[in-house]
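Residue numbers (this note's numbering), protein chains in the order written: chain A, 1 to 165; chain B, 1001 to 1498.
For the record, the hints were derived by calculation from the structure and aren't laboratory data.
We put the CB at the ideal spot given by N, CA and C, even for glycine.
Keep in mind that a hint or two might mislead.
[Claimed, not checked] Label pairs and their in silico Cβ distance ranges:
1. B:I1365 to A:L138: 38 to 44 Å
2. B:N1340 to A:K150: 30 to 36 Å
3. B:R1376 to A:V18: 51 to 57 Å
[Said to hold, decoys possible] Far from chain A, by Cβ distances over 10 Å, these chain B residues were calculated:
4. V1216
5. P1369
6. R1426
Here is how the chains run, residue by residue.
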Amino acid sequence: MQLSDRYTGLFLIALGGVAAYGGSRLPPVPGQQIGPNVFPMVVGAGLVLCGALIALGIGRGFEDEAEADLAAHSAPEFEQRQAIGWGRGLMALVPPALLLFYVFAVDRLGFLLTAAVIVLTAAFALGARLRLAVPLALGAPVFVHLVFSKLLRVPLPPGLLPAPW
Amino acid sequence: MSTVTEAFALVLQTDVLLAILLASIYGLVVGSLPGLSATMATALLVPVTFYLSPIAAVATIIAASAMAIFSGDIPGALLRIPGTPASAAYTDEAYAMTRKGQPELALGICVWFSALGGIAGTLSLMILAPPLAEMALSFSTYEYFWLAFLGLMCATLVARSSPVKAIASMLLGLLVSCIGIENPAGTPRFTFGVTDLLGGIEPIPALVGVFAVSEVMRAMLNPEPPKLPYRRFGSILKGQLELTRTYVKPQVRGNTVGIIIGVLPGAGADMAAWVSYSMSKRLSKEPEKFGTGHPEGLIEAGASNNASLASGWVPSLLFGIPGDTITAIAIGVLYMKGLNPGPTLFTERASSMYALYIIFIIANILMIPLGIAMIRVASLVLRAPRASVMPIIVLLCAVGAFATGNNLFAVLTVAAFGVIGYVMERNGYPVAAMVLGIVMGTMVEQNLVTSLIKSDGNILPFFSRPVAAVLAAMTIAALLWPIGVRLRSWRPRSAPSA
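Chain A extracted, bound-state conformation:
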């Protein structure tokens, strides 16, 4: 998701403005000038300023220099950012979506099943063959469960499929 500096700058101005306004509305500590409102207001004002500078394209030259420097130092085929279509760009959302799935499913399905689904989906999304994805989805959850639940005593929910150990 590559946006122009103008958009990100404007977003920062808006965010800073809201933060400063929200901060200024916080109740003060009775009998004191300085309370919880000072810091958000300072930070918000700073964000507005930075956002404005970014939107105006100030400091862009440093970025180009750093990029050129990095490109000169590493393999071109790996660092290159090719244009990616929207459909494929959405693939980037698979990892956070899997984490959301974990949050909402783990108590019902249990750790082992949820983890297996996550590993299987992620492996397929990265282009794994069945031969790799299935053993990975069977093995990794068991291993992680052993380490975290048995050794580190993290209470992982059993759900539908409690671990046999």
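Once you've looked at the hints, dock chain B against the given chain A.
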């Protein structure tokens, strides 16, 4: 002397030694995989450290981070892909050596001079920390405010991006740290009525999201890195002693620069490597050889990044101000383990501090045999398809975040910060600056507000105390530095075109 024996007794325990060994292997493997940085390796270790004794917990962090910084050099030298950002500065040089048919020499330099640099950094930590601790005892909130602020400014300086964007990232981090009730009045701030937000955003899940999840997100779109051809290596350490003797000056310079950059709050190993490499090139007698597989720059920068790793612990242990993102994690672990950073750590828990030095030395010595073993199996490890590693990382992000507080909200935080980190990175906003903002936000605010209350809203005391004035001057210099650089580089560029 009894403190030293006590310290040895603390370190020479089965659980501590085992923790060092396992964390070293883990750090070596994770650091060598392209895209998985030393910070991420350390962040994913945090939930494990909950369940270890304090010394063992710190030992895992030290060992894993030191190993990961070194092993990031391996794919750099063999594939021209830096395993960690700290290796990026000299990847080209190392790869040029491999192309010349000297991969053993290149990797040997990486492991040998990394270890030496790490030991030099540790010595600096041992020498610098106690006198600074004495000085720090007289610091008040004004000094702490400037120190924390200086750390944040340095973090924006080191980002290899536009300084304006780096400052914006840092401010975003500070804004995130405003969330919750941990503020001067204890009122819920920016919580929008969500109970889970009352406690604020925990730094560790945010860190895991920014560094690990966003990396997996990038992997979804980027092509898989090329496979490493199988290769048999000759002797790795052959010729290193001779190089050590030949390049004494670059080494000393690299170590010194690394140590100085490490001690500066906010600036870490990545910065050290870049500065040292360019310094080496500028001061070398044969600058024309740089980039063609010349060992000099490799030695200097390889030593520098490992030296900065150890000295980065100086501000962390003394003031609780992280030297880089890795020590930002380490500070969290220290607090959890009751080893609260501060100058008194050196007087009251002296044996723990000595134990920490010993662990650093052990880890850096261990780096040589383990590093050589890792180089030999690197072709196997680097052949592991990405589709087998990344899914496990996603799973570990979920479980690790959950384990930090047995709370599913942390997993949501990880997902959210994964997306934030990904979008920021794509648009040139350095995420490390934001992370340091999140970690240090509460501290900056507390010291700012307490100072303002003490001075009744007057800002004069921020500049009138001697140490505060020096720190203020440094901070303002850090803020104005980019403008100065800009003005200087404008002139020569306009000259030839005229």
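Hints, verified against the model:
no. : hint                          : in the structure
1   : B:I1365 to A:L138: 38 to 44 Å : holds, 40 Å
2   : B:N1340 to A:K150: 30 to 36 Å : holds, 31 Å
3   : B:R1376 to A:V18: 51 to 57 Å  : holds, 55 Å
4   : V1216                         : violated, 4 Å
5   : P1369                         : holds, 26 Å
6   : R1426                         : violated, 5 Å
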